[in-house]
Amino acid sequence: MKLTKLGTLGAVASMALLAACSTTPEEDIVVVEEPVIEEPVVSGIEVAKMELEQNVGNRVFYGYDQYNLTADAQAVLRRQAAFMMMPENMDYNFRIAGNADERGTREYNLALGERRAEAAKSFLVGLGVSPARISVVSYGKERPIDPRSTPEAWAKNRNGTTTIIDPEMDMF
Amino acid sequence: MLRQIALAMTLAFAPVMASAQVEIDVTRGRTDPMPIAIPDYVSETDADLGGEISGVIETDLRNSGLLAPIGEEAFIENITNINVTPRFADWRVIGARVLLAGEVVDLGDGRVQINTRLWDVVGNQQVASVAYKTPRENWRRAAHKVSDFVYTQLTGEAGYFDSRLVYVGETGPKTDRKKQLVIMDQDGYNPQTLTQGLPYNVLTPRFSPNEQEITYLALFEDRPAKVYLFNIETGVQREVGDFPGMTFAPRFTPDGDRLLVSFARNGNSDVAYLDPISGRLQRLTSNPAIDVSPSMSPRGDKIAFASDRGGSQQVYVMNADGSDQRRITFGQGTYGTPVWSPRGDLIAFTRQHKGKFYIGVVAPDGSGERLLTESYLVEGPTWSPNGRVLAFHREEYPGGPVRLFAIDLTGQNLRRIQTPTEASDPAWSPRLN
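One line per chain: the protein sequences are S and X, in this order. Here the first sequence is numbered in the UniProt record's numbering, starting from 1 and rising by one per residue. Here the second sequence is numbered in the UniProt record's numbering, starting from 1 and rising by one per residue.
Keep in mind that a hint or two might mislead.
[What the hints assert, rightly or not] Computed, partial: chain S to chain X, Cβ under 10 Å:
id, residue
1, E46
2, M50
3, D91
4, Y108
5, E118
6, E142
[What the hints assert, rightly or not] Here are some chain X residues the structure puts well away from chain S; computed CB gaps all over 10 Å:
id, residue
7, E77
8, N81
9, V84
10, I94
11, T204
12, L281
13, P298
14, D321
15, S323
16, Q332
17, T350
18, G366
19, F405
20, L432
[To be verified] Covered by chain S, per the in silico footprint, the following chain X stretches (three or more residues, Cβ under 8 Å):
id, stretch
21, 170 to 179
22, 267 to 275
23, 377 to 383
These are computed hints drawn from the structure, not numbers from a lab. Computed from a prediction, not measured in an experiment: that's the story for all the values here. Positions of the beta carbon are idealized from the N, C-alpha and C atoms, including for glycine.
Just need the whole structure built from these sequences, with the hints factored in.
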């Protein structure tokens, strides 16, 4: 967990160095090896997002036409609840997006996605997370993470995905 | 935004009712299409326009599956004056049953008059005639009206050629699709994107009964999806109501005064009326199951919807006040997207069973279920204004492009509707005024 954070900071620091090099007086030497990072900022929220996605687990998966939480899903949600209630994360709000695979009608899958996301939210609230911190959306079958039409892809696309809402971007 | 150009109709010739001799029964499957000859419309000043008008009519009638236009290379008589009785034998000998002879006259004020006579070349008589005056640039609509005239004369039923489709134009990869509202003529001409640059994807558009408004679902990234209204004249779009949760699956009631929607609250979706002016919801179902996709009968007395309250998703019908909810489909698999025929006698649906999707129809009492077409994915049927054709979207094979198709209620005449991009969620307009 710590290693990941440090590694990220290191990578960003080296990019900052490159950015600094490109502002030296020798303007006729143009270095185009790396894309210019204008303001490399590692804010707390970026670290938290990475932590959620890479270590806590931001996705839970559902069975076909199901919304009940499997043992695996519950384990992920327990980690998410602990993460949400860590003191350094108490300022963040979260959004759970419910998703369905393509094997259903558009309108039913919108309802199913909402039901899945609400099931995940209820579980988190049951573990002590304030319901006011979690909003729910459904994308139905509109936002597959795996574009293929295979059972494996469908299994991935039946998910609830938790994201941290950036307080500056959150207008709702 | 889109001008509705009024179409002046004059009965220059008194219409004569069709004799019983030349008639097409649209309820029969596998009827051999009736051979029809459609020479280029006669024009002294604008020969190109004459050919274009007959071309539009020919395409309409061929697509109907009920008529088989004969290639002009077979024609013997050259029609130069439509007010002279044709040489019937010349048309009979090339296999024609009916002849559509027309002319386009430049009225000198920017308008044209399109005169048409429909002849029964076996009965040696005129079936009927009709004339339309229209601004020249509006000739295509007038041609569709001639197609409707022919359809009506031969079948006894209203046509559907002078109508439009809205649909969702799809671009981009499946993981990041852009979905926009597009409107076009029924035959695929004049596609126009109506929702350029809006911060959401458009899903499930449906026409209002007066075809001036469209309701659809706006799918956002960062907040629940919402029902929207779009005015075709003004291009103004607005969200309906102000709710915390998702409202979706909108459809107008047949009087156009209200919307029927689903709304989701705490993991449960129910069916409700949504008043477009006050934004108020009036709940119709309160079942812990998923209740979605309401569609009202044309008489306004019943509502069909889909629910998984019985375990699998099936079609239910209830009274307009929500009472007497009863299941009408009992087959294997799941049933969704019920949509009431404009004639009131059938409900079309999407059925899913064993890895395939089907479009089918069933009577409102649950009898007479019939599957019309199947594919890897077919979804979201919409009725032609005369209730004889269904349009829907289809993905022929896993991962294949999504396209619009139409099929006759008989299950015959499956055909693709051309669109400039991939396309889904078609909705047929009512007959245009």
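Consistency of the hints with the structure:
1. E46: Cβ of E46 of chain S sits 18 Å from chain X, so the hint is violated.
2. M50: violated, 20 Å
3. D91: Check failed: Cβ of D91 of chain S comes no nearer than 18 Å to chain X, outside 10 Å.
4. Y108: With a closest approach of 5 Å, the Y108 of chain S hint holds.
5. E118: holds, 3 Å
6. E142: Holds: closest Cβ of chain X sits about 6 Å from E142 of chain S, inside 10 Å.
7. E77: holds, 53 Å
8. N81: holds, 54 Å
9. V84: Consistent with the label, V84 of chain X stays out of reach of chain S, its closest Cβ about 56 Å off (over 10 Å).
10. I94: Holds, since 48 Å exceeds 10 Å.
11. T204: About 6 Å separates T204 of chain X from the closest Cβ of chain S, which leaves it inside 10 Å; violated.
12. L281: Label holds. Min Cβ-Cβ 16 Å, cutoff 10 Å.
13. P298: It holds; P298 of chain X is separated from chain S by about 21 Å at its closest Cβ, greater than 10 Å.
14. D321: holds, 22 Å
15. S323: It holds; S323 of chain X is separated from chain S by about 23 Å at its closest Cβ, greater than 10 Å.
16. Q332: holds, 14 Å
17. T350: violated, 5 Å
18. G366: holds, 20 Å
19. F405: holds, 16 Å
20. L432: With a cut-off of 10 Å, L432 of chain X remains clear of chain S, as the shortest Cβ separation is near 27 Å.
21. 170 to 179: Our answer is that it holds, as 5 residues pass the Cβ test (under 8 Å) against chain S, meeting three.
22. 267 to 275: Holds: 3 residues of the stretch 267 to 275 of chain X have a Cβ under 8 Å from chain S.
23. 377 to 383: holds (count 3)
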